[in-house]
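Trainee: Single-letter residue listing:
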Amino acid sequence: MSNKFLIGMWDHEEVFLHAAKHLTHDGVEIHETLTPFPVHGLEHALGYRETRLHTAGFLYGITGTTMALLLMGWIMSVNYPIVFGGKPFFALPSFIPITFELTVLFSAVGMVLTYCTRNKLFPGYVPRIYDPRTTDDRFAFVFDIEGKSEADVAKLRTICESNGAVEIKTKEFKEGDGL
Amino acid sequence: MHAYESDYREPLIGPSVKSYTQITDELVRPTEGVPPLSWWILFSIMGMGTLFFLFCLGWTIWFGIGTWGLNKTVNWAWDITNFVWWIGIGHAGTLISAILLLFRQRFRTGINRAAEAMTIFAVICAGVFPLLHTGRQWLDFFIFPYPNTRGPLWVNFNSPLLWDVFAISTYFTVSLLFWYSGLMPDFATIRDRSKSKTRKFIYNIASFGWQGTAKQWQRFESLSLVLAGLATPLVLSVHTIVSFDFATSVIPGWHTTIFPPYFVAGAIFSGFAMVETLMLIVRKLFKLEDYITVNHIESMNKIIVLTGSIVGIAYITELFIAWYSGYLYEQHAFYNRALGKYWWAYAIMMSCNVITPQAYWFKKVRRNLLVTFVLSIFVNIGMWFERFVIIVTSLADDFLPSSWAYFSPTWVDIGIYVGSMCLFMTLFLLFARTFPVIAIAEVKSIFRTSSAVAKAERAKEAGSSSGGYVGSYQVGILDKDAKN
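Chains as they are written, first to last, in the numbering used here: chain Z, 1 to 179; chain Y, 1 to 484.
Careful: at least some of the hints might be erroneous.
Below, computed lysine to any residue pairings styled on SDA-like, alpha-carbon distance capped at 25 Å [as the list claims (entries may be wrong)]: (1) Z:Lys87 x Y:Pro147; (2) Z:Lys4 x Y:Lys200; (3) Z:Lys174 x Y:Phe201; (4) Y:Lys215 x Z:Asp131.
If you want the footprint, here are the derived chain Y segments under chain Z, 3+ residues with CB under 8 Å [said to hold, decoys possible]: (5) 13-24; (6) 52-61; (7) 170-183; (8) 210-224; (9) 442-448.
In short, the hints are calculated from the structure, not lab data.
Glycine included, each C-beta is placed from N, C-alpha and C at the ideal position.
So that you can see chain Z by itself, here it is in the shape it has in the complex (with noise of 0.2 Å):
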């Protein structure tokens, strides 16, 4: 895990993006995108694949309905078959409600357990910050410098620059360290 970085700084989500598709254009390997609120188009302009979540959402959606109508259907017609009104044991429309329901929660639940999971999101987790001001009005880039030469810093400082950065700095980090 490399520990230096250098951060180049944007206070306009226009430039910003902008930057992103130049820099994504050139070929400049980017180690991390941070932004104080969702800018949109700026996942097409870096290049990133689709999440996938919303399928997970589906398959665990089904999961609810599945579980839910086998569980009903297996009480009420097989575990303890009981007439209520006259109506048949397995009473499909009256199952709708819970089925329902449970396809909801089990999607819900499972979408956000596989978001916390996927982003490393989790009561305790200690992330690196880069810069404070990343969540309040600064969108930044963060390039892994650990090991590259002078030369290659300043090529990525102009690069930056010439993108319309307003602040560049360079962080290092010792291992374990975050906040």
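Dock chain Y against chain Z, hints included.
Mentor: For chain Y alone, coordinates are given in the frame of chain Z:
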């Protein structure tokens, strides 16, 4: 790269907000420093009310349901009225965060956080009532589908009361997840501003270690969109199922097919009214007039006049159908509702829910904050009486005239109800002091499109000195150097 927004559209962020840092400062400030005296006064009053609420709960559990004003005929009264009322109030939060997100209504960003918090606190208050009314509260776990140890006896999956258990618990869970996933980035913003180590540590835990990388945001957007898609039918299903508690019974006055849409509209109606009551207090208390603008209030008032009218049509349809059915008991139930011994409750319901909100057809009224505040409280009162009217008047005149009865609350009934409002306010006041009351990241994301300053800047660039609606705002151009 913004979605296009006409500059003639009224701004959603006021003219004094000039930079992202200013948004951070102003929205995080209420969580920093010592709270104002007004907060302490409110908090102590509400805290004492909450203690009294707990006392009344204890009293009910110790002495039993007999301490309430229920009788043989009216066996469901304030408890279920309060339950439906609170659940209804809880509906606006998810409606604002989910449905308005799907409809891309930008005005949601100013109010969604507080409305979602309100949902969660309202559902907590609502849950108390059915759990208490079971009578032997220590056996409440029977509502969950677990196999009975004395044989394979299960809960009845054909019962709307059980559907309600699933609906309410799912609704609570999904609202909580939705709310919290939106809070993580804002907690990270507070963390990164904090000077003290303890504060940094606490808010880092609360933020789940959020960093704000582009990949995190990409997943965040996907999550919010799908959760919104799931929560939208969920909101509609919850109150539909609550209405099934009544509609699937064979009590005249309850056994009607109009209940689901009527209850859903009523829930949204009362929910928005409560959001307005709270937001008008919050914007004053924390000086957030630039984030919760008159424009936001007007938008909510439009929804109130719409849903209020839907509810009004439902009342009249009910009366018509009762007459048209030719069914004596149904006709009596409705005659009794409007003109019988509870006529005063019906009159309060009609005037607060149907008549007074009609004032919102006038723009001047919609934009008047004092009138809005008063009317929002009227709606809260009216919607409580709606549930009271439906529940109590239908039960009070039984099929047998010899068992007709009248319901009067005891001090325990009143204590639990008023106490639940204090609990709600206590939770809300704590929330307002420790959480960002307005979604910081979301407000920033509409800053370049919908703020007064950005609009004025664009008008100036286009060479217009008046710039349509924007021109009426006396604002300078976007302050690029201000702390940026």
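Trainee: Each hint needs a verdict: does it hold in this structure or not?
Mentor: Verification of the supplied hints:
no.	hint	in the structure
1	Z:Lys87 x Y:Pro147	22 Å, holds
2	Z:Lys4 x Y:Lys200	24 Å, holds
3	Z:Lys174 x Y:Phe201	19 Å, holds
4	Y:Lys215 x Z:Asp131	18 Å, holds
5	13-24	holds (count 4)
6	52-61	violated (count 0)
7	170-183	holds (count 6)
8	210-224	holds (count 14)
9	442-448	holds (count 4)
Violated hints amount to a single one, hint 6; each of the other numbered hints is respected by the structure.
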